[in-house]
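**Q** Chain by chain, the residues run as shown.
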Amino acid sequence: MGNHGKGVIILLTTIKYRMKCIIKINGLFAWGLVLPIVLATLFYLSIGELYTKANEEKIPIGIVSEEKINVNNIFDKNIFEVYELTETMAEKYLEDGIIAAYAKIEKSAELIAINSEKEQLISMLYLNAYMTGIEQEEIKHIVKEIQAADYVSSRNFIFIYYRLPIVVLLCIALSGLLLISAVRANRKAVNIRSYMAPISPNYILFYDILIEVIILTVLATLIYLYLYFILLWKI
Amino acid sequence: MSIIIKDLVKRYNNKLVLDYFNLQMQEEEILGLLGSDGSGKSTVIGCLLGLLAYDKGEVTIFGQELDKKSLEYRRRIGIVPQNITIFDGLTIYENVDFFCAMYIKNKAERQKCVKEALMDCDLERVSGMYPKNLDLGTLRRVNFACGISHKPKLLILDEATLGADAVSRENILLNIRKRNADKTTVFYASKNMEELAGLCDRIAIMDKGKVIITATVEELKTFISVGEKVIIEVFRLSSKEEEELSKLRGIMFTNYTGNELVIKSEKGINNLANILHYLENHKIPFGKVYSEVPVLKEAFWEITGREL
Chain C
1 MGNHGKGVII LLTTIKYRMK CIIKINGLFA WGLVLPIVLA TLFYLSIGEL
51 YTKANEEKIP IGIVSEEKIN VNNIFDKNIF EVYELTETMA EKYLEDGIIA
101 AYAKIEKSAE LIAINSEKEQ LISMLYLNAY MTGIEQEEIK HIVKEIQAAD
151 YVSSRNFIFI YYRLPIVVLL CIALSGLLLI SAVRANRKAV NIRSYMAPIS
201 PNYILFYDIL IEVIILTVLA TLIYLYLYFI LLWKI
Chain Y
1001 MSIIIKDLVK RYNNKLVLDY FNLQMQEEEI LGLLGSDGSG KSTVIGCLLG
1051 LLAYDKGEVT IFGQELDKKS LEYRRRIGIV PQNITIFDGL TIYENVDFFC
1101 AMYIKNKAER QKCVKEALMD CDLERVSGMY PKNLDLGTLR RVNFACGISH
1151 KPKLLILDEA TLGADAVSRE NILLNIRKRN ADKTTVFYAS KNMEELAGLC
1201 DRIAIMDKGK VIITATVEEL KTFISVGEKV IIEVFRLSSK EEEELSKLRG
1251 IMFTNYTGNE LVIKSEKGIN NLANILHYLE NHKIPFGKVY SEVPVLKEAF
1301 WEITGREL
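If you read the sequences in order, they're chains C and Y. Position 151, counted from 1, in the first sequence is what this note's numbering calls 151; the numbers after and before it change by one each time, with no gaps. Position 247, counted from 1, in the second sequence is what this note's numbering calls 1247; the numbers after and before it change by one each time, with no gaps.
If we strip away everything but chain C, and leave its shape as in the complex, we get (with noise of 0.2 Å):
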């Protein structure tokens, strides 16, 4: 075996012994996931309140129709505030600012609106929705992103975008701190030996960044899919 095959073969012995003994650092898995988990609970709690605020307002929108319909299946009554109106009475209301737009049902459906911003985009889903058979509840989450992305962007609040990564970096940096403190004193304990070794004085070291690189990505991955399943099912 030349040189570079046994330098693989200690690498791959200290990066298993390295990886055994940080795995097995007391408290530190279970400080390492209950913490990111916690906080992440805490964010999906506060991002269930950005829901909640941003669906406080229900749509006006006007209905036309000769035809006698249950409104209800239409338009979610939670989420809109319908007018049954003549074609005149929803043209000046619509005019007037009272409703958002207004549906002509006939034998086809037509959404006559002035703007084209969120309230016109939701009244088309659902629009659309009724009219090819779709049922309100598939169209609920969809409905839900816009009216939250449209509350958030109202209001300067952009990296909201950007709010799984960034809390998930958060969770990182803390768990983090933790990890590489407690694998700092379980790598201190055996300092005389390593810096006696006829290896570098970072040798160590460089594995056990390596390893807590590999940590940190594996918990980010958790923490990332942890949220986002706990938001989808939400919505």
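Please note that a few of the clues may not be correct.
Claimed, not checked - Computed footprint of chain C on chain Y, listed as stretches where at least three residues anywhere in the stretch have a Cβ under 8 Å from a Cβ of chain C:
| id | region |
| --- | --- |
| 1 | 1097 to 1111 |
| 2 | 1185 to 1194 |
Stated by the list, open to error - Mimicking DSSO-like on lysine-lysine, the simulated pairs with C-alpha atoms at most 27 Å apart in a straight line are:
| id | chain 1 | residue 1 | chain 2 | residue 2 |
| --- | --- | --- | --- | --- |
| 3 | Y | Lys-1247 | Y | Lys-1288 |
| 4 | C | Lys-16 | Y | Lys-1247 |
| 5 | C | Lys-188 | Y | Lys-1132 |
| 6 | Y | Lys-1107 | C | Lys-24 |
| 7 | C | Lys-20 | Y | Lys-1288 |
| 8 | Y | Lys-1112 | C | Lys-20 |
| 9 | Y | Lys-1247 | C | Lys-20 |
In short, the hints are calculated from the structure, not lab data. For glycine and all other residues, C-beta sits at the position ideal for the given N, C-alpha and C.
Given chain C's structure and the hints, the job is docking chain Y onto it.
**A** Positioned in the frame of chain C, the structure of chain Y alone reads:
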């Protein structure tokens, strides 16, 4: 010469710890460094290994001036520190293997060395166990095995048997002798005089940061001027009576504290009968009586003027 330490001076915050410390060590010998707690033994080792910077002096190992960066010089040294420096998260086998891997890259050769070290230190049965499940004596043997597994040419030990049970201590001392027989030079710092006397070719006695004498065990014995030491359980003794006792022929030293009277006599003089006769005549009540022959630590007392 394996080690030459010349005029080494080391201060900690203006406190002089090593005061022109000098020491020379022959190849393949076992040299003991004897000193009481705080005498500077661990500091000497720290400077010797390049772990501590020193203010003045020279350290030469294997004919070369100490070079902290020299990997080759480190390869030939094995260290058994005073503290048990192993990883709690690794088994005994893994610990020895981890430290051995820093010296020996070839896997087959390393495994052979690790197994040999474990066998020598009688650790085969516990090789799969974790340190937290082992007693101090066994941990001392593990600490030792980690230092010798790569077969160093110079073995440096600092209180290697501290707190160990008799079996573990005997095992470690036996292994030191075995390594020395395989041409390993051994430098052993300890405060256990009897242990060093049974192990070392020469003993350097250090006190207040300097070596006072370096001699063989036989040479050190010539420094012992005291004879037998008598310890008597005495229930009442006035200072006048103690003074009278100290004036008996050949008595060098008396001390009465806590119902215990300690009397040291001059070399070659047996005073026990006279002492007991005095106590009976003066109707001084006494209980148990012990007599001890002088031990080597008396030499430390003679040389440094204080107890070890």
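**Q** Hint by hint, note whether the structure agrees.
**A** Cross-check of the supplied hints:
1. 1097 to 1111: It holds: at least three residues are needed, and the region 1097 to 1111 of chain Y offers 9 whose Cβ sits within less than 8 Å of chain C.
2. 1185 to 1194: It is violated: at least three residues are needed, and the region 1185 to 1194 of chain Y offers just 0 whose Cβ sits closer than 8 Å to chain C.
3. Y:Lys-1247 to Y:Lys-1288: The given pair, whose Cα atoms are some 23 Å apart, holds under the 27 Å limit.
4. C:Lys-16 to Y:Lys-1247: Since the Cα atoms of C:Lys-16 and Y:Lys-1247 sit roughly 72 Å apart, the hinted pair is violated (cutoff 27 Å).
5. C:Lys-188 to Y:Lys-1132: Holds, at roughly 18 Å.
6. Y:Lys-1107 to C:Lys-24: holds (25 Å)
7. C:Lys-20 to Y:Lys-1288: violated (57 Å)
8. Y:Lys-1112 to C:Lys-20: This hinted pair holds, its Cα atoms lying about 23 Å apart.
9. Y:Lys-1247 to C:Lys-20: Outside the cut-off at roughly 69 Å; violated.
Hints 2, 4, 7 and 9 from the earlier list are contradicted by this structure; the remaining hints agree with it.
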